[in-house]
Amino acid sequence: MKHANEPDAWYLPDVFAVSREAATREILLAASGSDLVLPLRKAGPNGPQDVRFRVSAIRTGSRAPEHFVLLSQGQDVVRAPFDLLNAELEKADIEARRERAHRRSLQRANKVLNASNAELKSFAYAVSHDLKSPIQTVSMLLSEMAQCQEGGSSDDLADLIRMGQETLQRMSVLIGDVLRYTQLIGSDMSMSRCDLNIILEEVISDSRAEIKETGATVRHGRLPVVFGDAVMLRILFQNLIGNAIKYRHPERAPEILVQPGRKGAQGHVGIEVRDNGIGIAPEYRDRIFDLFSRLHRHDEIQGSGLGLTMCRRIVNRLDGEIEVLENSSGGSVFLVSLKVFKDD
Amino acid sequence: MIKFEHTHSEAIETVLLVDDDTFFHMACKRLMQRSGLVKTLICYPMAVDALEFLSRSDRPRVDVIFLDINMPKMNGFEFLEEAVTRFGTDFCRKIVVMLTSSLDARDVARAKACSAIDSYVNKPLSHEHIASIAGKLKAGRERSG
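Going down the list, the sequences are from chains A and B. Under my numbering, think of the first position of the first sequence as 1, with each following residue one higher. Under my numbering, think of the first position of the second sequence as 1, with each following residue one higher.
Looking at chain B on its own, in the form it has when it is part of the complex (with noise of 0.2 Å):
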């Protein structure tokens, strides 16, 4: 878990990032650092230690999952369908999914059938996309209060 400083007033409070590449954690982590709209980074490099966390009660809320699909043993579609059916479908309040290039078809149904999917981005990530994740954020925040 990393805390960052100096962040801005309307900062997402806690990020999850499951990618399996943990060079693209440091880079993520200097990106979200530099950026200040992220308070709060937890990184797993595999899906089933990141549904582990997910499990705990004393774990802090998440309000972002960045993830990935192509993992080993357990792939971005697995987690978020073993997370839906484990946590419900208000684990976290934005999951945005990182593509590596665009989806195969096979991905496309699956993407299609899991609700629970906000966006999509596409890597490498920058600060513009956590800019407009952090606004969207913010609004749901001022229409829902």
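Looking at chain A on its own, in the form it has when it is part of the complex (with noise of 0.2 Å):
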């Protein structure tokens, strides 16, 4: 910054007749509106005598000037100053935009944040809610026993104690789930060419007891190769065909079908799956992916209500979506759409 009485000093600040604040303010004023005159001090042999000028601020798009440009012909002596406020301007400019871009990317960072503080809050009520459930009910059904040991039949009690361990079975199943739903919102993902084919044959193979012993058969097309997490792909497609065997109808043997659907977004793929199982009711579509959300009781259909929950945290993870199908035919299609593997 050069000072006001050294031999060049009629750059800056004096150049201006307004203060220099003053000059900016104006010239960064044009940015709002047409050209602007701005009084200057040119420092002349006779001392300093006034300059009128006109400079215009350069914009591509954004209402931000990014640039002033001097417009007036003929002006030599206001060039050079001009030019180093331009460029002291310019500085100011990036800095302001860089600073601007910074508070959004923070702002955004902190929307992120307080959405998954809200999802974590939610979680853990849920988490203490669905837990706690159970918990009552053994506490009633252990005060019952203490009951029956003043005088109750050795029948209840067995009943009793039965109950009790069912509960406690209950409780421990949403125990791990819960487990396995925190260690999927924390683990790390990598990125990589995936071949569906290959991972739902894995995913077959994993649950051959299952398949045996309901009597399912599993069969898939040719699946495209998609960009994802191996591992996590391999859990949302044993959850949905797990889905498919244990929503199975009482009547027949389930009949599970994994091939390419509807194509999603540009650069996405479609995949479905769908079963010949009991259904899922319109009127309770939008909720079956909600936490711990269940549409059976306990003692028709075990499960921890975190299954579908699980399986759309990692669709959304991986860029995707998915969604449950209209099916006139009875069962449930889920569509998953999942980024397409592009090699380049």
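No lab work stands behind these hints, which were simulated from the structure alone. All of these numbers come straight from a predicted model, not from anything done at the bench. Errors might be hidden in some of the hints.
Unchecked claim - Derived pair list, reagent style BS3-like, types lysine-lysine, alpha-carbon separation capped at 27 Å:
{"id": "1", "chain 1": "A", "residue 1": "Lys246", "chain 2": "A", "residue 2": "Lys132"}
{"id": "2", "chain 1": "B", "residue 1": "Lys39", "chain 2": "B", "residue 2": "Lys3"}
{"id": "3", "chain 1": "B", "residue 1": "Lys94", "chain 2": "B", "residue 2": "Lys39"}
{"id": "4", "chain 1": "A", "residue 1": "Lys132", "chain 2": "B", "residue 2": "Lys94"}
{"id": "5", "chain 1": "A", "residue 1": "Lys263", "chain 2": "A", "residue 2": "Lys339"}
{"id": "6", "chain 1": "A", "residue 1": "Lys121", "chain 2": "B", "residue 2": "Lys112"}
{"id": "7", "chain 1": "A", "residue 1": "Lys246", "chain 2": "B", "residue 2": "Lys73"}
{"id": "8", "chain 1": "A", "residue 1": "Lys132", "chain 2": "B", "residue 2": "Lys3"}
{"id": "9", "chain 1": "A", "residue 1": "Lys246", "chain 2": "A", "residue 2": "Lys212"}
{"id": "10", "chain 1": "B", "residue 1": "Lys94", "chain 2": "B", "residue 2": "Lys3"}
{"id": "11", "chain 1": "A", "residue 1": "Lys121", "chain 2": "B", "residue 2": "Lys73"}
{"id": "12", "chain 1": "B", "residue 1": "Lys138", "chain 2": "B", "residue 2": "Lys112"}
{"id": "13", "chain 1": "B", "residue 1": "Lys3", "chain 2": "B", "residue 2": "Lys138"}
{"id": "14", "chain 1": "B", "residue 1": "Lys39", "chain 2": "B", "residue 2": "Lys112"}
{"id": "15", "chain 1": "A", "residue 1": "Lys132", "chain 2": "B", "residue 2": "Lys138"}
{"id": "16", "chain 1": "A", "residue 1": "Lys132", "chain 2": "A", "residue 2": "Lys121"}
{"id": "17", "chain 1": "B", "residue 1": "Lys136", "chain 2": "B", "residue 2": "Lys94"}
{"id": "18", "chain 1": "A", "residue 1": "Lys111", "chain 2": "A", "residue 2": "Lys339"}
{"id": "19", "chain 1": "A", "residue 1": "Lys132", "chain 2": "B", "residue 2": "Lys29"}
{"id": "20", "chain 1": "B", "residue 1": "Lys29", "chain 2": "B", "residue 2": "Lys73"}
{"id": "21", "chain 1": "B", "residue 1": "Lys136", "chain 2": "B", "residue 2": "Lys3"}
As the list claims (entries may be wrong) - Just a few of them, taken from the derived set where beta-carbon distance is under 10 Å, the chain A residues facing chain B:
{"id": "22", "residue": "Thr137"}
{"id": "23", "residue": "Leu141"}
{"id": "24", "residue": "Ser143"}
{"id": "25", "residue": "Cys148"}
{"id": "26", "residue": "Thr167"}
As the list claims (entries may be wrong) - Rough simulated footprint, nothing fancy, chain B against chain A, three-plus residues with beta-carbon under 8 Å:
{"id": "27", "segment": "119-131"}
{"id": "28", "segment": "295-301"}
Even for Gly, the Cβ is constructed at its ideal location relative to N, Cα and C.
With the hints as a guide, bring both chains together as one complex.
Next up, the structure:
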């Protein structure tokens, strides 16, 4: 920064008849309107004299000026101070932009953090609620057992013990699922080329005990190669195939077909998992992905209500989507859209 | 429908229990039987079935509903909203909501909007809870008659 009493001090800030701050403000104001005329004090042999010149702000699309140009002709004397001021303004402008961008990214990060905090809070609430529920039942069953000891039948006691054990078993399943779910939230992903044909074969092989036991058939068409995380994709299809078997129709053996489905957004492929199970009534379809959302009682079909929440979580992390489709022939169809793998 | 014997004179005539945990039903049944404070207990594990029961013209009068909130398909609030819409506010004398844990923020707002609810009790259900409701019903009867 030049100082006022140095020989070439006519540059800045003395070149302006108005204060330097005012000059800066004036030039910046040009951003919002037409050209402006600014009084300038020219350092000549006869002392300073007023020079009027015209500047204009250059904008490309955005509202903030990117550059200032001197429009006045034949004003060489102000060219140098103007250029210097312009450079300073540009520098300030770049910094302001950087600052704004930084603030925006902070705001974005903050929003993500707030959302994830809110999600964790509601998760903690739901977990504590769903864990407390079996505890309360066991607590009542234990009171009844104590009463039985004071003079009840041994049949009653055996019944109460069985109910207590089953309730604790349900709690154990829930804790296991909660653990898996939380591991999923925090785990790192390694995105790579994933052949869904191979992943599905692995899932089918892992589920063979269940498949044999229920007489299920699991077939798949020629599936695409996607860009994803192999471990996550395996958990995803394990859950979807597992659900198709679990929610089977009481009168028919499960038939599950995994095949290419409706394409989603640009660069995505659709894969559908189709079963002939009990299906999901349309009015419940929007809530099945919610945390701990269940459509069946524990004494009907066991489960924590976390499976599909986990699926949605995985698909979201893989930048895809999951939905349940209308299926006129009964059973459920889940459509997953995943990022297609591109060789380059 | 379970009819209990050896009940007190001030026992509640009919209790409707709506909770998806059937083991909880068993425990409640034993508790109410021992208390002598309930004459008839009707249990439904699904809210839709309880609604169907309430819609029957030949059903007995229901004095108290013990209602769970978190249930599959139709939750406790949805049940109450639907019941009030269909049967008005007098379909039952006392509605007691059973809480597993404190209500979360969304539920608090919903509970406030639901004027049909008379009181809340924390699970597990105890003899004292039943005695307190029976006492309130008796006081109500004495005042009105």
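To see whether the hints hold, each was checked on the structure:
| no. | hint | verdict |
| --- | --- | --- |
| 1 | Lys246/A x Lys132/A | holds, 25 Å |
| 2 | Lys39/B x Lys3/B | holds, 6 Å |
| 3 | Lys94/B x Lys39/B | holds, 16 Å |
| 4 | Lys132/A x Lys94/B | holds, 25 Å |
| 5 | Lys263/A x Lys339/A | holds, 10 Å |
| 6 | Lys121/A x Lys112/B | holds, 22 Å |
| 7 | Lys246/A x Lys73/B | holds, 18 Å |
| 8 | Lys132/A x Lys3/B | violated, 30 Å |
| 9 | Lys246/A x Lys212/A | holds, 13 Å |
| 10 | Lys94/B x Lys3/B | holds, 20 Å |
| 11 | Lys121/A x Lys73/B | holds, 23 Å |
| 12 | Lys138/B x Lys112/B | holds, 26 Å |
| 13 | Lys3/B x Lys138/B | holds, 20 Å |
| 14 | Lys39/B x Lys112/B | violated, 31 Å |
| 15 | Lys132/A x Lys138/B | violated, 32 Å |
| 16 | Lys132/A x Lys121/A | holds, 16 Å |
| 17 | Lys136/B x Lys94/B | holds, 9 Å |
| 18 | Lys111/A x Lys339/A | holds, 25 Å |
| 19 | Lys132/A x Lys29/B | holds, 21 Å |
| 20 | Lys29/B x Lys73/B | holds, 24 Å |
| 21 | Lys136/B x Lys3/B | holds, 22 Å |
| 22 | Thr137 | holds, 5 Å |
| 23 | Leu141 | holds, 5 Å |
| 24 | Ser143 | holds, 8 Å |
| 25 | Cys148 | holds, 9 Å |
| 26 | Thr167 | holds, 6 Å |
| 27 | 119-131 | holds (count 5) |
| 28 | 295-301 | holds (count 5) |
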